[in-house]
Structures are given as C-alpha cells and as structure tokens.
Amino acid sequence: MAMRSFLRSRRSLSRSLLQPDLLRNPNPNPNYVSRSLIPALLPLRSYSPASDPTTKNPIRDAATDEINGFKSSLNPIEVAKFAAIAETWWDPEGPFKPLHLMNPTRVSFIRSTLCRHFRRDPYSPRPFEGLKILDVGCGGGILSEPLARLGAVVTGIDAVEKNINIARIHAASDPSTSSIDYTCMTAEDLVRENQKFDAVISLEVIEHVAEPLDFCKSLGALAVPGGAVVISTINRTMRAYATTIVAAEYILNWLPKGTHEWSKFVTPEELTLILQRASVSVQEMAGFVYNPLTGNWSLSDDISVNYIAFGIKESSSDSEKTRTVAEQKTDFVS
Amino acid sequence: MRYATLMWRRSGLPELFFAQQRALHSSRILSSEEGLKCDGAKIEKNQEECDVAIVGGGMVGLALASSLSSMPLTKHLRVAVIDDSPFLASKGYLKRDQMPDSRVSTVTPATINLFKEIGAWEHVLHQRHAFFDQMQVWDYTGLGYTRYNARDVGREYLGCVVENKVLCNSLLLSLQKKEGFENKICPTRLASMTLPSEVNHSKFAKLNLTDGGTLHAKLVVGADGSKSRVREAAGIKTTGWNYPQSAIICTVEHSSQNHCAWQRFLPAGPIALLPIGDNYSNIVWTMSPDQATQHKSMDKDKFVNSVNHALNNGYGPHPESSSLSNLLDSITGTAMSTKEKFEVPPRVLGVVSNIMAFPLGLKHANNYAVKNIVLVGDAAHTVHPLAGQGVNLGFGDVSDLARVLAEGVSVGADISQLTLLKKYERQRKTANIPMMAVLDGFQRVYSVDFWPLNILRATGFHAAQYIPPLKKNIISYAMGDQKFPLFS
Chain F
1 MAMRSFLRSR
11 RSLSRSLLQP
21 DLLRNPNPNP
31 NYVSRSLIPA
41 LLPLRSYSPA
51 SDPTTKNPIR
61 DAATDEINGF
71 KSSLNPIEVA
81 KFAAIAETWW
91 DPEGPFKPLH
101 LMNPTRVSFI
111 RSTLCRHFRR
121 DPYSPRPFEG
131 LKILDVGCGG
141 GILSEPLARL
151 GAVVTGIDAV
161 EKNINIARIH
171 AASDPSTSSI
181 DYTCMTAEDL
191 VRENQKFDAV
201 ISLEVIEHVA
211 EPLDFCKSLG
221 ALAVPGGAVV
231 ISTINRTMRA
241 YATTIVAAEY
251 ILNWLPKGTH
261 EWSKFVTPEE
271 LTLILQRASV
281 SVQEMAGFVY
291 NPLTGNWSLS
301 DDISVNYIAF
311 GIKESSSDSE
321 KTRTVAEQKT
331 DFVS
Chain V
1001 MRYATLMWRR
1011 SGLPELFFAQ
1021 QRALHSSRIL
1031 SSEEGLKCDG
1041 AKIEKNQEEC
1051 DVAIVGGGMV
1061 GLALASSLSS
1071 MPLTKHLRVA
1081 VIDDSPFLAS
1091 KGYLKRDQMP
1101 DSRVSTVTPA
1111 TINLFKEIGA
1121 WEHVLHQRHA
1131 FFDQMQVWDY
1141 TGLGYTRYNA
1151 RDVGREYLGC
1161 VVENKVLCNS
1171 LLLSLQKKEG
1181 FENKICPTRL
1191 ASMTLPSEVN
1201 HSKFAKLNLT
1211 DGGTLHAKLV
1221 VGADGSKSRV
1231 REAAGIKTTG
1241 WNYPQSAIIC
1251 TVEHSSQNHC
1261 AWQRFLPAGP
1271 IALLPIGDNY
1281 SNIVWTMSPD
1291 QATQHKSMDK
1301 DKFVNSVNHA
1311 LNNGYGPHPE
1321 SSSLSNLLDS
1331 ITGTAMSTKE
1341 KFEVPPRVLG
1351 VVSNIMAFPL
1361 GLKHANNYAV
1371 KNIVLVGDAA
1381 HTVHPLAGQG
1391 VNLGFGDVSD
1401 LARVLAEGVS
1411 VGADISQLTL
1421 LKKYERQRKT
1431 ANIPMMAVLD
1441 GFQRVYSVDF
1451 WPLNILRATG
1461 FHAAQYIPPL
1471 KKNIISYAMG
1481 DQKFPLFS
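Protein chains in written order, with the numbering used here: chain F, 1 to 334; chain V, 1001 to 1488.
Don't read these hints as lab results, they were simulated from the structure. Fair warning: there could be bad hints in the mix.
Facing chain V, a subset of chain F residues (Cβ under 7 Å, in silico) [said to hold, decoys possible]:
(1) P98
(2) H100
(3) M102
(4) P104
(5) S108
(6) Y123
(7) P146
(8) T183
(9) V305
We treat Cβ as the ideally placed atom computed from N, Cα and C, and that holds for glycine.
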C-alpha cells in the first residue's frame, strides 16, 4: 500500500506542477512545509506520509504501508493537488499548458534514445511497434497517447483516480490510442504483481514523490533486464529556483503557486546515484531549454533546469535480485 | 481487393465504387490495429474514415496529397481528396499539340524543389513549360527600368512558367504512382461539415458529401480556393478588399521563342508578358473593369494592336540610362546586369486563346487553423497576380504543413491537435503576410498616376537596378529563397 501511495504521489507530483489549486492552497499541511524547507540530501530525506500527521487526505490509499520491502513513494498532499485540477488535463490553454508545450521535446528524446537502444528505424511512423512501455504518473495521458501512436503497447498508471478517468475517456475517442491500459495504482502495486516492461518512463514525477530512492527502485524493478528507464525532472540549482518557481509560478503564472518545492528537486548527480542503487545505469542525459521569443522548447546540453535521463537496467538478473534484497534489508534497518 | 469489392456490392450499400474501396481500406487498417489492442476500437467498421480529408483537388490540394504520400513519416496516413472534377480521373500526359491554356503560374525555384521532392517535376519537364533567366520591369513614364538576371544570384534561371493544367496533371501523375492511390480520390463535393465537440468525445470531423455519402476525418484541409466552403463551414472570417481593377488574361503568339519575363507599369496597372514555351507567351494585363469589358469583346486584330501599344511604344518613351545611374555606378559596385541596356519586348502577332477577365482583390483568412481544420492556398490568402506569387505562397503552405504534420507524427502527436496546427499557422503567416503587404503596396503605388509619385517610383527602379545588394535581395525574395523582403 505504501508503495502504491508512493507511486501515486510521484505521479501526482508531476501533475501538481501544473495544477491551479495549488495556487489557492499551496501547503495545507504545516508539517509538510517545515520539512520541505530542509534541503537535505535525497537519501536522507524522508517525507513519508506515514510519519506525516496530516493524513486527513482525500486519498485514503495514500496511507503508508510497506509491501515486499517496496515502500510507497506517494505523498498524499501532492496527490490532492493534482486531483483538484484533473479536469483541465487536455485544455491546451489550461494549467497543463507548459506540459503540452514541452511534451513534443520530451517525446523526441524518448524516441531517439529508445530507437537507438532497441535498434528501431527512426524514420518509421511507429518505431515502438510491440514494445511494452509503462508510463508512471501518466496523469491525463499526455505522454501515454503519443507513445501509443508510436506503436507501443502502453500501460499508464496514476495514483489519482480522476486522472485515470480523464485519461481513459480521452484515449477512447481516438482508435490509435484506445488500446492504452490505464489503471489507478502505484508502481509498487505493479512490482508486487511482478510485472515487467521493456521501458519504464516517469516524467516530471520524481520531484513530487516522498522517497525518490524507493521510487527509483520500483521503476528499476519494473524494467526487464536490458530494458530502459527514462526519468525527467528539475535540477536543484539557483537557476531552477528562479525559473521554475519564481518566474513560472509567481511572475508568469504558468504554474499554480506551490507546484514545486525547490528542496525536493533532484540534481543529475543524485539521480544517477539513486538509479545506480536501483540497478539502472544512466547512459544519456539532456536538458530542456525554453526560448521565450519563439515559445518553443528544445533539447540542449544545458541540464541546469529541466532535464531528462535515459538509463539501462542491468542485464544480470541474479545480481539484480541480490541487490534488491540487500537494499530492502538496509531500508528496513533504517 | 476485387473479391472484397464484390462482397460489398452484394451487401447492397448504395455507395460509389471509390467510396467502397476507401471504406475497405480504412476498415482493413482498423482491423490490423485491433490485433494489437486489448479493449478494441469502438469505431464501426462500415464507417468511412480517414486521417486527412483534402477538400479541393486543385494544384495545392493535389500537391499536399502527393507530399503526404511521399514522406516516410506521413505516407501511412489515410488521405482522401474530395473533388468532382473529371480531370482527376485522367491518366497520362496532356496532348502537346493543344494551344497553351491562358491560366498559367510562374513557379519559383522553391516551388520546383517541392515538385522534385514529390516526384512531380519530371512530369512537368515532359510537358510544356518555359524557363526564363531574365526579367525586365519598367514604367510608362520612361524614367526608370530594372533588368534582373539569374546570374546576379548565381542561378541558371529566375523562374519557370507552366500552365496550371500541366501543374495539376503532373501532381496527379505523381500521386497515381503512390501506394493505395485508388483510395485517395473521391469524385464528389463537400455539402456540409460537423466538427467534433466536447460532448461526443470524438476526434473526427464529419463531412457530408453531395453524393449522399459521409466521411469522417481527423483533419480537414481546406484547399478549395478563395470561396472556400471549408473556411465558411469552420466559421473562419476573412479580411480583405477589392481593387478597383480587373485582370485580363490570354495566350499570344510571337514569331520566335521568348525567354524573358516582361512587366510594364501603365497608368491603369501593369501588363505582364510571360514566356510559356514554343512561340507563345501569356498576358496578364491589369486595367479598370470598364476597360477590361471593352478589351474582352474587342476584335482580335484590334486587341493585338492594343497589346503592342501597351508593351512597346504607347503611353510614353522607352527608358534610358540617366546621369543618376552613372553617378550610382561610380559609388557602388555593380551587379552584372546593371550594365544591361533596356530592351524592347518581342512583338505580339496574334491571340490564340479566349480573352478572359476577372476582378481583383486581396483576401486573407484571420486564422489558418482551428481545431481539426487547416486552410491552404487561396482558401487562406488570395493575392493580386502581380508577380505570379499567389500559387507559390500556396505551395509554400503545402510544404510547411506537410513538414509540421511529419514532425507531429514523429513525436506521436494527434495530427488534428490545435497546438500542432497553430505551428503551421505561425510559420505561414510570417511568410505570407510580408509578401501580401509587398504586393499590395506595389499595387497601390502603381495604380496612381501622379507626377511626384512617378518620380519616386522611378527612383525605386533606379535603386533596384543599380544597388547590387538590394537587387540580389529582391531577386532572392521573389524566387522564394528567403522569407523576408530585405536583408534577412
């Protein structure tokens, strides 16, 4: 259960970036606020909802529990943030507008890295034909739908029931996306079901989850050996603070105020280390850069604000098992 | 396929043959997709469905269909061209012994590149066309002239004049070579259109056709000319005005072949003489509506006299190099054609086609894209035929739209989504609006006969003739090599 909530919170987090209700009620939980102010290193941070007294959350599932050593990475407040704006997922002028604008750039990175890794024809209109891809924190399906159009067999999961409903309705209207399997569950739930995917993708989620390490372990566990893991998030730099929080939330009002907390941002070094502990070796990284004149996003070497990482799950399944078990033990001890 | 068609006929649906085939095509695609899906598509199999419905099978509509069928990322899209012109059923080249049609276009190198990409240019080369490497523009006051030469921009030619029917035929031939062509042409017309709404959660626009059939399309392209039905049905407003002028067009004959494009500005508007291959040239002559009516009904000999008068010695003297030009020569470096002397255009011997007249105006759609709909060509913008740029702007639309759709497909975007279509609109407005403003400005400057303005115009000619960077810029812009009129 805890795992589930973890996953959900991650997803919800990514979504919450865009949610407008955050503006009105950025941090309903005082404990949450004070904790988030501590700029601790990720492995030391603990925003687990269990320890959080504010469990009067609309999403009861988000309560903490541990299953098979996979802790829930959900954060109930983040889940609530995203539930409140779920209706606006597909409004290109709504709170998710920045995500809509950024999406083609994110997909083009995924397209090029996965085509190379799985040796697919980059000129094919459906290069992912037959690949099983998991979208963790799928929200309204902004990423799941393009992946399905590119030929993938897509599973989209999200901790917010409303998101899943919106995603299902939206995907059903187009035959090219109606095959997407959307379920309201967490990555930890899927780990328990022993599900495996060729690629596990989670965009703009990790900065919203309670425990990034647990989250990455779940993602790693869901990828087949030799499979791909793709994560995008925001760097913890002063520039990121200035652009994603001060500018985007307070000056330009692109994002609801309270969408992001600077202290929860993850640096590329931290992400690489966490993924390593989850048996995923990062192969490629790219930054997203916004051009305010043209209003376009593009890929660049500059990873100081938004960035995306592509990693490969280590192929030795034995070492993977032992490592996972070992890590689980350490988690229990701590 | 034949077997399947018979099955459909037996089922007794009152559909046309083409429609049946297309329906089969789409249902086949659906069923192949269903193989991959767990919960299955909720689309009825009998329903006719396509990805892109192009309303209007003229030059621009056919170019788009052919372009989408050529690119690796878009050739899987199910495209339907809706037009009931019998021309679209024709096969093979047009007969060359026919007289040249009076409706012609000056295609720029940018347009030629598009035709080469989609495999239509080879068909143009097999039919009548005329390259020209020189252009002379002058005005009736005798105060100035400009000669453009392809050598100034390091090219072999400035443009090529082709009959519209040859362009259409070549595009059709290129389309006929594409896979699944028989499914692409629908010989009918658009009656009405229902756009998808939030209520029915459908991605498809419903097109009601005049033959009683319906077609569901994700993206509807209005390529149906300046009186676009699609534009009207989508509720897109236009801005524009009519000029107090008409244009008359016809084909004329010389004693030898013409290799230069000629344009002379007269008090009532410009007259252009464009080579069209063999010993023929095309005339586009702008004048007042009264004069146009008069010229249209004139007897042919009188008309020929009137044309020669307008092109050669009527209205005013031939321009000559002046002291102003000598001064500019000494200050600036000189483009090769700067030294070229004014030449007298070839004499017209006779008219070989009907004389047609049509009113002139400028019309611009306020939006090129709304959800599920885009406009291309004259449906989006109608310009003065002054520099033969109208159709080139349309082909520019086609090439940008096809590219935007391919980019969308590459990132798994829904081709009907507004964010994608608006990208096309932004690109095309930045290209089309400056060109429309330039042409409109020209029209206004040359429609007034007032002496201070005449001197200003003459100065403009001198500047264009004697300042090489300016001249190069003007040539490249008119050839479609650069997006903005000056110094870009």
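Hint-by-hint comparison with the structure:
1. P98: Violated, about 12 Å.
2. H100: H100/F check passes; min Cβ-Cβ to chain V is 6 Å, inside 7 Å.
3. M102: Since chain V brings no Cβ nearer than about 11 Å to M102/F, farther than 7 Å, the hint is violated.
4. P104: Holds: closest Cβ of chain V sits about 4 Å from P104/F, inside 7 Å.
5. S108: At about 5 Å, which falls below the 7 Å cut-off, the nearest Cβ of chain V leaves the hint on S108/F intact, so it holds.
6. Y123: Status holds, d = 4 Å.
7. P146: Holds, about 3 Å.
8. T183: violated (12 Å)
9. V305: With Cβ-Cβ at 21 Å, over 7 Å, it is violated.
The earlier numbered hints that this structure contradicts are 1, 3, 8 and 9.
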